[in-house]
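S.K.: Let's have the full structure, built from the sequences with the hints guiding it.
Listed below are the residues making up each chain.
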Amino acid sequence: MWRSALSWLLGIDRGEIAEGTGVRLKFANLWPTWVILVFAVAAVWLVAWLYRHEKGTATPRRKIALAILRCLLLALVVLVLFKPILAVEKSEFKEAYVVALLDDSLSMRLRDHYGDPTMRRTLARLAGVDDAQLDELSRADLVNRVLASPSLDLLDRIGRSCKLRVATFANDVRGVDAQAWKLGVRPSGRIGEERAEARTPNALVVPQGDRTLLGSGLREMAEGLRGHRIAAAIVFTDGRTHDVDPTVVETARRLAAIHGEGFPVFAIGVGAVEEGKDIEVVRILAPTVAKKDDQVTFSAVVAAKGFTGEVDVLLKADGKLVKTARARLEGDGPQTVPIRYTPETAGTFRFTVEVPAEPGELSTENNAARHVLTVKDARTKVLFVAGQPSYFYRFLKNALVVDKSILLSCWLQTADSDFVQEGSRRITHYPETRQELFDFDVLVFSDVDPAMFRPEQLADLRAFVGQFGGGFVFVAGTFHPPEVWKGTPVEELLPVALGGAAGAGDLLATRALKEAFRVRLTEQGRLHGISQLADTPEESQKTWESFPGAYWYHPVSRAKPGSVVLAEHPYDRDDRGPMPLVVAGRYDPGRTLYCGLDGTWRWRFWVGDVHFGRFWVQAINYVGSYRILGGSRRIQLATDKRSYALGERVVVQAQCLDDAFRPLQAESVEAKLEAPGAPAQAVRLLPSRQGQGIFEGSFVASRPGSTVLSVALGPEQESQSFDVHLPDTEFQHPTMDSRTLREVAEATRGAFLRLDEVERLPGHIQSVAQEITTEVQDPVFDAPLIVVIFLGLVCSEWWFRKRGMLA
Amino acid sequence: MAPLAKMELSEKTRGVVLSGLRYLARTQNRDGSWSGRGGYSRNVGVSALACMAFLANGSEPGRGEFGENIDRGLDFVLGNVRRDGYITAGADSRMYEHGFATLFLGEAYGMTQRQDIGEKLRLAILLIQRSQKQVDGGWRYDPSPAAESDISVTVCQIMALRSARNAGVKVPKECIDRAIAYVKQSCLADGSFCYLLRSRSRGSYALLSAGVSSLYGAGEYDCPELKRALHLFEQETPRNISRRGPISHYYSYAHYYASQAAYHAGGHYWSNYYPAVAKELADSQESNGSWQDTFGEAYGTAMACLVLQLPYQYLPIFQRLGADEATLKRAAEPPAPKGDEPRAPE
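Residue numbers (the numbering used here), protein chains in the order written: chain A, 6 to 812; chain B, 388 to 733.
What the hints contain is simulated information worked out from the structure, not anything from laboratory work.
Quick list of in silico lysine-lysine cross-link-like pairs, DSSO-like style, CA-CA up to 27 Å:
| # | chain 1 | residue 1 | chain 2 | residue 2 |
| --- | --- | --- | --- | --- |
| 1 | A | K381 | A | K325 |
| 2 | B | K399 | A | K547 |
| 3 | A | K310 | A | K321 |
| 4 | B | K399 | A | K519 |
| 5 | A | K386 | B | K557 |
| 6 | A | K282 | A | K321 |
If you're wondering where the values come from, they're calculated on a predicted model, not measured in any experiment.
M.R.: As C-alpha cells, then:
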C-alpha cells in the first residue's frame, strides 16, 4: 500500500521499487556548493530582513515561522531547479546466464587415486559412495554423481536464481538438455550399474572427445550468448587442455577484458592433483596374423612413472590368462616386455596385455592394451632348390623339415636321378606347370644351376612372385654365381642389382677366404622381423655379434630401390657404401630376399639350429607371408593404417575377384565390422573409380580396442584387424592441471575449486549475483510530491499571513 | 633322445682343439697325407679323419685356417680312389680306411669346386654296396662280399652310406636295412654288441659305443636294442673315460663313437660324458698339440679333435635330431614312392 502511494507521489513505476532494491536521490543540475551556500545565506538574510521590516500585527514568533516557510519554499524551488532524479538500483542476476561447462574428453575416463584422507572422505560423501569405492569411479562418474547429488542440489540451486545453461565440451561445445542432469545418474545406484548407466544418453558426462579445448569452449559459449548477460561460467574439468594458440589462459584474459561482457570463470578441478605413480601399457607390438603352433612374441611397451619394482605382465586371450611374464620396471621411460606365446588353435583372438594395478596408482585405465591376432592353421609350403649338397642345404633342410610351420619339399639338382628327394612333402620332379609351382608358397634357391629351367618355367617363377604373391629367397653360391641369372626373370625378382664392384672370382682368391668377417646388421636390419633372434632387439643384436664370421660372400652392384638392406659387410664397400649381404625386397605382391652368404650355417656353432634355424624360418615365413597369411585368393582387404585414434576415420579398400578370378562387378560389397563390446556392423564398400574390382568405403573408429574388419565372397573370407587407441594426448599427463585452472580463474576474477570443495560454489555464485545491478533514473521535479509540498508550503504561508494580519 | 643340456664351451677346450688342429696342419705331408706308425703312414683313413677334424672346426675346402689342408687331404684321398671305387693307399689299408675316406668325401661333397668328388664318392659307395656281406648284411676288413662281418667295420660303412645319402647319392634302402638288421642282431641281452655274430662274445666299450651311434644314425630311437645298449653305456662310460682304462688300446676309436652315442642320447648321457672326456683329453695332450695313440699321433690327434668338436655342430654327419622332431619328421613323410630310400633321418 505504502509502496503504491510512494510510487504515485514520486511519479515512478511501482515495479521499480521492489524489495531489496536500493533507492537514491540524485540531481541532474546540482549547483556548486559555494553557489548554494551564497544563495542560501543571501536568501535567508533577505527573507529575514523582509520579515523584520514587515509591518503588521504579527508577533515575532509568527514572523519567524513565516520566514521559515518562505525559506522552505525557496529551497523547494531551488531543488526543482537542481532537476532531482530518483535512482533505483535493480539486480539483473535473474536475467543473466550462468553456464556450466562439463569436460567430456576421454581423459575424464581416468580413475584417480586420492591420497589425502580428508579429500577422499569429502569426495565419497559428495558422490554418495563408500570411501573404498571411490577409486572405482572415473572422473566423469564423479562429476555425474556430484551434480546429481540431491543433498548438494548444486545446479538446481544455481538455476533458481538465474538462467542456467549446461553444456559439455571437449573438441567442441554441445548443449545439454536442461533437464538431462536430473535424469542422468542415480547416486544411490551400485557402482557397476552406474557405470553402465553412465553410458546412456541421459548421463551428463560421457567421455568421448579426443581433445580438451576449454579455451575454444569458453569463446564459443560467449559467442553463442552474445547480446545476453553472462554472469559466470562454471567449468568442471581435469584441466588437461589442448588449446595452443591462443592458450586457454590467454582466451580467458581476452574474454575478461571485453567491456561489459567479461564474466568470471569458476574452475572446478576434477582428478588427483599430485604426481603419483602410474603404470601404463602403452601399446603392444606383435604380428596381426600368425600361424598355429608358431611362437608369437608380444612386445608390450610398458611405461612406469614414479614406480620402480617388479610386476606381473599378463597376456590374456579373449579374457583368459594364457601367459604371465615378470618384468622389472624402473625409471620413467617406456620399456619393452616380451611375452612369448604359441597359439595352439586357429581363429581370431583379442589379446590383452595387462599389468595389475599397483596400490595407489593415479590411473588404472591405462594398465592394459589390446591387440587382435588372427591365427591361421596353415603351414608354409616351401620348395627348396639347391644346386649342390652344400652344408647350407644339408643343415637348412633338416632345420626346415622339423619345423612345425613349414611343409618342405627339396629338390637337389645334383642328386642321383633315382634319388628320393627329401622333405616332409616329397616331390619327384621340379614343378613342370604353373599349377604345380603355385601349389607352393615360397621358393628357396641356393646356388641353383639355371640350365635346369626352360624359359616358360622361369616365366612361371616370375608370375609366382609377381602375380601370385609367392615368396622368393635367393642364396648366392660359388658354383653358379648370381650373374648366371642375368637377363632372366630371376634377375628381375632379386632385390639387388647384379654385377658388383668385384667379381666373385676375385674374391675367391683374396684374404676373405681365410679371414672370417662378421656380418653387420644395418639399423633397419636390427628392427626387422627377419633378423630378430632374441626377445628384444638389444639381445638380438648381441646374438648377431656373437656369430662366427663367414669366409665368403657374393658382391652385388647395389640394393634395388625400395628394398631394405638388413645386413652388410663390415668393411668391404664401394662408392655407394658397405656391400649389402642380406636384402629384403618386394616384387609386388610377392616378397623376396637375397642372401649373399653361403655360410650362414656357421651360426650353428655350439647352439645348433637355435639361431640359424630361427633366422631362416623367419625369413621364409616373411617372404611367404602374402601367400600364407593373406588368406583368401579372391579378396585383398586393406585399411589405410594399422592403428587409429578413437574418432579417426578408417579408409577401407577391398580388391575382389569373381569365381573366375576376374575383377568383381558389383554395385557394392559389404564388409563386417566387429569392434569390442559392440554388435557387428555392416560397412558398405562402393566401387572405386580405379575399377579392377576395387571397392572402397570409410567409417569412424568409434570404440577403442582391436577391431576386425572382414569381407566375404561366398566361401572366401578375408579379415583385417586394426587397433583403435585412445588419443595419447588425453593420457600423457593423467593428473589434474590445477595450475592452468587457477590461472584461468584468476584471469577472469573467478575462483578455482577442487571437486571436493564444490560446496563453496553457491557462495561464489551468490557474490557474483550481488554485483550484477542496474540503476533506473526517474526525474521527480514534476512529481506529485513536489507539487503537494509546494502547495502545502504556499497555503501554509498564506494562512499564517492571514492570521498575522500581514499583507 | 633327450635335449642337450646347456653347457658352456671353455676357452681351454677351444685352445686344446686349436692346438691339436695346428699340429695336424703342421705335420701334413705335401701330398695331403700324414705319416704314422707302421701301416698307418700315408693312410687314407687317417687323412680322412684329420681332414674331418678340420671340417668340424668350421674350415671348408679352400676356406678358413685349414682350408688348404683340407684341399690337400682331398687331393690325397681322391687320388687314391681306385677305378672300382675302393679307396686305399697301401696294402694295409682296409675297409676301415675305405669307410672313413668315403665318409670324408661325403662330408666334403658340395663344399668344393672339384668336379671329380661326386663321381668318386659314388664309386666308393657302390663298392660299399657291392662288398656288403651276403650272409649277414655287414662288412669286414676286405671288400669281398663273402665271409662274415664284424660290427666295427660295419658301423664305419653305415656312417659313410649316411653321409653320401645326405649328399644326394642314391643308396638302396635294402642295403641300409640289412646293415641295421645286422647291428641289431649283434646286440646281446645285456646291451653289449658282439664283435662277430658267430661267437656272440661280449664286445668292448668301443663296440658298444659304435653300436649305439649307428642305431641313432639309422633313426632307431625307440628300439629295445638301443634301450639295452644305452643302459649299459651309462654304466660303462665312467670307467672308460680314462686313457688308462680297459680300452686303452682303442681309446681314440672308442671315444670317436662314444662321443657320438652320448651326444645323440643327450640329457645326462652327454652332460656326464663331455666334460669328463674333455678334461681327460686336455690332460693327456702332448705339448706339441698332439695325442699319442697306438695308431700314431695323427690318428690320435684327429680323433681327439673330432670328439672335442662334436658340439661345435659343424659336421652334417654328426647332426643331432631331437626325438620328437624325428618322430614328427617320420610322421610327415609319406611312404617312399619307390621303396628304396634308407631309413636314415638325414
